[in-house]
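Residue numbers (the numbering used here), protein chains in the order written: chain A, 273 to 386; chain B, 468 to 577.
Keep in mind that a hint or two might mislead.
With the Cβ distance kept under 10 Å, some of the chain B side facing chain A (calculated, not the full set) [said to hold, decoys possible]: (1) Cys479; (2) Phe567; (3) Lys569.
Here are the simulated lysine-lysine pairs, DSSO-like style, with alpha carbons at most 30 Å apart [to be verified]: (4) B:Lys536 to B:Lys572; (5) B:Lys569 to A:Lys329; (6) A:Lys327 to B:Lys572; (7) A:Lys325 to A:Lys290; (8) B:Lys519 to A:Lys275; (9) B:Lys519 to B:Lys470; (10) A:Lys342 to A:Lys285; (11) A:Lys275 to B:Lys572; (12) A:Lys327 to B:Lys569; (13) A:Lys285 to A:Lys329; (14) B:Lys569 to A:Lys275; (15) A:Lys275 to A:Lys290; (16) B:Lys569 to B:Lys519; (17) A:Lys275 to B:Lys470; (18) A:Lys285 to B:Lys569; (19) B:Lys576 to A:Lys329; (20) A:Lys290 to A:Lys329; (21) A:Lys343 to A:Lys325; (22) A:Lys285 to A:Lys327.
Here are some of the chain B residues that sit facing chain A, going by a computed Cβ distance under 8 Å [to be verified]: (23) Pro474; (24) Tyr501; (25) Gly510; (26) Tyr513; (27) His516; (28) Ala527; (29) Ser528; (30) Ile530; (31) Asn564.
Hints in this document: simulated from the structure, not taken from any laboratory. Source: prediction; values computed, not measured. Beta carbons are placed, not taken as given, at the ideal position from N, Cα and C, and that holds for glycine.
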Amino acid sequence: DVKVTQSSRYLVKRTGEKVFLECVQDMDHENMFWYRQDPGLGLRLIYFSYDVKMKEKGDIPEGYSVSREKKERFSLILESASTNQTSMYLCASGPGGRLNQPQHFGDGTRLSIL
Amino acid sequence: DAKTTQPPSMDCAEGRAANLPCNHSTISGNEYVYWYRQIHSQGPQYIIHGLKNNETNEMASLIITEDRKSSTLILPHATLRDTAVYYCIVSGTSQGNLIFGKGTKLSVKP
């Protein structure tokens, strides 16, 4: 089975801190994604990557950056955390180049910014 | 915006089949229909997907109409653990991201 592992299930940080969310997948997938999920707004794409060291902005990239130094790992960085970044963050991975293969998600990180 | 329409909620008796409908009237020829579900406080779980033929796996069956404008996810024998929000997604984008709508909250009752 595909395994997408997010480093923390729950995280509490303070305003202004630099926050790192880590995601690792074990299926050698080319594509990796970061979404955030908020009540009433559904899942929104923050950033995605289709190869090592490659990144593309999603719908709401402001206030975030990403890093993909290795194929299996995709990190989301909150440069200076703010309270409006309190959310559930979901990482997903999927095979590249083939549109008919599903993405698989991690269990999410519930991040609270105080 | 999501390209699918689903009822906001449905109930199903335990042990009965749950039939979850989805309308996707603007689907284009190269787009697939995906179904995911999300149990409270967990990440979305992939269930099944298809292009135009009916599909079945160990979790569910997917029935897609001939004109591909709608589909139905069937859970043949619903259990309490199937209580979740079910999302129908149409996707064929080159970047591969999924656009989740509001989904259907399925409540399986004893």
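The hints, checked one at a time:
no.: 1; hint: Cys479; in the structure: violated (23 Å)
no.: 2; hint: Phe567; in the structure: holds (4 Å)
no.: 3; hint: Lys569; in the structure: holds (6 Å)
no.: 4; hint: B:Lys536 to B:Lys572; in the structure: holds (21 Å)
no.: 5; hint: B:Lys569 to A:Lys329; in the structure: holds (23 Å)
no.: 6; hint: A:Lys327 to B:Lys572; in the structure: violated (34 Å)
no.: 7; hint: A:Lys325 to A:Lys290; in the structure: holds (21 Å)
no.: 8; hint: B:Lys519 to A:Lys275; in the structure: holds (28 Å)
no.: 9; hint: B:Lys519 to B:Lys470; in the structure: holds (17 Å)
no.: 10; hint: A:Lys342 to A:Lys285; in the structure: holds (26 Å)
no.: 11; hint: A:Lys275 to B:Lys572; in the structure: holds (25 Å)
no.: 12; hint: A:Lys327 to B:Lys569; in the structure: holds (27 Å)
no.: 13; hint: A:Lys285 to A:Lys329; in the structure: holds (24 Å)
no.: 14; hint: B:Lys569 to A:Lys275; in the structure: holds (25 Å)
no.: 15; hint: A:Lys275 to A:Lys290; in the structure: holds (27 Å)
no.: 16; hint: B:Lys569 to B:Lys519; in the structure: holds (24 Å)
no.: 17; hint: A:Lys275 to B:Lys470; in the structure: holds (28 Å)
no.: 18; hint: A:Lys285 to B:Lys569; in the structure: holds (29 Å)
no.: 19; hint: B:Lys576 to A:Lys329; in the structure: violated (42 Å)
no.: 20; hint: A:Lys290 to A:Lys329; in the structure: holds (19 Å)
no.: 21; hint: A:Lys343 to A:Lys325; in the structure: holds (9 Å)
no.: 22; hint: A:Lys285 to A:Lys327; in the structure: holds (25 Å)
no.: 23; hint: Pro474; in the structure: violated (16 Å)
no.: 24; hint: Tyr501; in the structure: holds (6 Å)
no.: 25; hint: Gly510; in the structure: holds (4 Å)
no.: 26; hint: Tyr513; in the structure: holds (5 Å)
no.: 27; hint: His516; in the structure: holds (6 Å)
no.: 28; hint: Ala527; in the structure: violated (13 Å)
no.: 29; hint: Ser528; in the structure: violated (16 Å)
no.: 30; hint: Ile530; in the structure: violated (18 Å)
no.: 31; hint: Asn564; in the structure: holds (5 Å)
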